[in-house]
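> Following the hints, put chain H in place on chain L, whose structure we already have.
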Amino acid sequence: MKDQRITAHDEETGNHTAVRSGPLTIRDSVIRIAGNSQDGIQSVGAMLARLAGRSDMEVMTYMTIPATISGGPSIFQVHMGSGEVLSAGDAADILVAFYQHSYEEHLDTVRDGGILLYDTTHVTPDIDALRARRITPAGVPMTSLTIEILGGTGKQKGKNIFLFGLLARVFRLDMKKVRQLIRERFGGKDESVLRNALLALEGGYAYSIGDVMSLFSFETPSAGGRPKVSMTGNQALAYGAIAGGVRFGAAYPITPWTEVMEQLRQDLPRYGGSFIQTEDELAAISAALGAAYGGTVAMTGSSGPGIALKSEAISYAVMAEIPVLIVDVQRGGPSTGMPTNVEQSDLNLACHAGHGDAPRVVVAPTDVEDCFHLTAEAVRIACKYSVPVILLSDQALATRIEAFDMPDLSTIEPAVFDRNGTVPTHKPYPLDALTRHAPPGTLIEDGNYPNITGLEHDENGHPSASSKMHAAMTNKRRDKLSSLARELPVPEVYGPEEGEILLVGWGSTKGIIREAVDRAKSQGRTLSALHLRHLNPLPGGLEEIFMRFQKVLVVEMNDSDANGCGQLALILRAETCLKRIGGITKTDGLSFRVREILARLPKEELSTVT
Amino acid sequence: MTMNQTIPTPETACPASCPASVTATRANLKADKPTWCPGCGDYAVLAAYQKLLENRRLPQESIVTLSGIGCSSRFPYFVNTHSVHYIHGRILPFATGLSLTRPDLHPFVFIGDGDAYSIGGNHFDHCARKNLQLTVVVMDNHVYGLTKKQTSPTSPIGFRSKTDPWGSKATPLNPTKKLISSGATFVARTLAADPAHMLAMMEEAMDHEGFSVVECLSECVQFNRGSYDAAVPRKGGEFPLIPDDHDVTDEEAAYSLTKKAFPGYFGIYYKVRRPTLNEGEAEIARDMQPRPKGLVASEILRSALERLT
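For the protein sequence lines, the chains are L and H, in the order given.
Sequential numbering of the first sequence, starting at 1, is according to our numbering.
Sequential numbering of the second sequence, starting at 1001, is according to our numbering.
To be clear, the hints were calculated from the coordinates, so they are not data collected in a lab.
You can trust all of the hints, since none of them are fake.
In silico SDA-like pairs for lysine to any residue, Cα to Cα no more than 25 Å straight-line:
id, chain 1, residue 1, chain 2, residue 2
1, H, LYS1177, H, GLU1252
2, H, LYS1148, L, HIS355
3, H, LYS1030, L, THR425
4, H, LYS1051, L, ILE444
Looking at chain L on its own, in the form it has when it is part of the complex (with noise of 0.2 Å):
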């Protein structure tokens, strides 16, 4: 499908546009939106992204925030189309520049016979670099046509809904569709901004920018298929933990977990839920412990920094098998690190956080959707074996946005406790099965009252220095994870199931892990790939398909060791001993691009590694 496809922002297929006779309908096409941070450039390109979504369009977007509350570039990446969308893009279609230095900065990103579309007002572009690489220029005077259009009142607010009536005409969009979404999204407010929004839609709409309407046209997808639905993945990921049944949430704001604690604060009460933020990320996760106990399904979540914090009573859960949801939405680090940025650098500290031998399970949702469908899973993994599982997602992740089809709700259980039961007899950490808490309130018949306890106990809870008991319960514990990697299937890998190089990845690089096959294999280069979704405990077979390619290749952005290994790699390796796992990895603090990956592939053919 993909590889018979026009894509249009492919610099290297040579498939430009530019030099064409009459409008070239292609599939997909990458937008990237440049300006400062509070030119509402993130809300254009939401709104495009919705809108991509109700037509049925595949999208993912990529933005970039700068880690200051005003001012500072910004920029906003949308990549829409009617067939499979796997990334944010390599390369951009269009630029539009609201500045200089937002033409300066972002003009490499722009394809070989792309289009640059800029402010007059802010920006002089060179126009001889763009010949040379045969990029159309479109200039339009936004500010002030903005200012014009809403009764001069000098303010720079309204430009990004004008750009949005421009990309409108540009992509020949559903106008009725597009007024709807500027309906929905101002109509709460007065009037008059309402009014505004339209007046600076239908102004950007109206203007004639020529030559770039005869490039081409956007194919207009054929309907059907179950409605989509667009969402960030932190909203995603609040939503999965609603609907796995979490009812409870504490904790404590840190970029760029916060917006979905904010989320859950306010939608957690529709359904008899609270969620707190508590002084510090120790209160917090001991308060999501305290709700568990009391027979809530409950959970936390920060950023690394946090998450450290959060360690002791990681082991404590652990130890009292308390279920909990931990979610670390992960940045760049060590220490406060870059906020704003992207990496996989806490897969270590999700697997080791703690102190005493605490297994603990660790899952990555690998895109939007997965982040709502994982999300519900690792709340029933952590009711089902009352286990914390910490669940990493990251700052790309986080802010991007992606349609996908409408959840089945009926598909998901959401997990719950009965509080106020009633059983002859109860043990909190029996041997021979799996911990099942009974909440206060539980009656006890034969009025053994149970005790939930950080110390090594026995099966009613109570202190025990025993040696026997301490080897028995700490097997129990551990056991309990290998009867979950019984349950996980063995992951699929896209393309061959043998051959030279096995492409490996974990959380939100699947996409463009994926693209990187699909590449490869138009330049005439097979590649295979495999997703990890479940890190701890990793699922069964992952040796056989190893040992099926000579070289493993685990693409993932956190550093590497001596020999190349990122942190999974070097999980890997342990788990497997295989010598053939290598790494490519990453510290920019951005998102894989396609390139970069096929950029880093062992050159030759190889020969047998052992």
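Chain H in isolation, oriented as in the chain L frame:
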């Protein structure tokens, strides 16, 4: 249960059809034999708690006993209720999560001065200002006992410990003053050596609507012997009760009481009614209840997702 579960409300959490409960008695509340040293003040605190529960004729399954880390925090093993022995300093936020999600229970927290005023001091301030529905009994012995005599945040200046062999130099924290300024709505002070007064303070604390704290001097006979003799009449001390004319709702008057030199006043320093966080959250839940009433979770979620199409 499936997604079609109805949302539990406080009213439906414990339906009338609950099976017959057993009322707590000192006999059925007995659990492990306490491991405290002979003569430790903590025995009296345990006995007072058991008596309180018996007096109240509470259903045994509805009692929750929580603790942190330290000698005092062995408490849960010695009382047969639903109980939790948590980590050092963090039991108050743990109790926060429990209190907010279980309006049908009244959690009791037993901690020492290390948990309350040192490693968990920040949490104490925030629980106080949030005014959570729960009772905290601080078993304050002015020393770290379980780790065998180190300085505590309430150790007096000059106190010789293994970490201050030349005598403590730091000003001890004034618990009642700190708690009033943090926003606690019930602050009382008592002495383990006076069981009747201690029980009376626990009774008042339990009946208080909001965050109630009983600062209880409980002597460590091993590492701080005789430290509270000045408050024990039969050892030649005096037990100064808060004057009858003290207005417990007067914050300034409460502060001035905290200034009295050791052994200080005993009784209720401060008691006011302020909305609890539990009430605030319940109000939000009521206001946010989706219309029409009776929607199940899956229906609410579906409509939320449909707004994103």
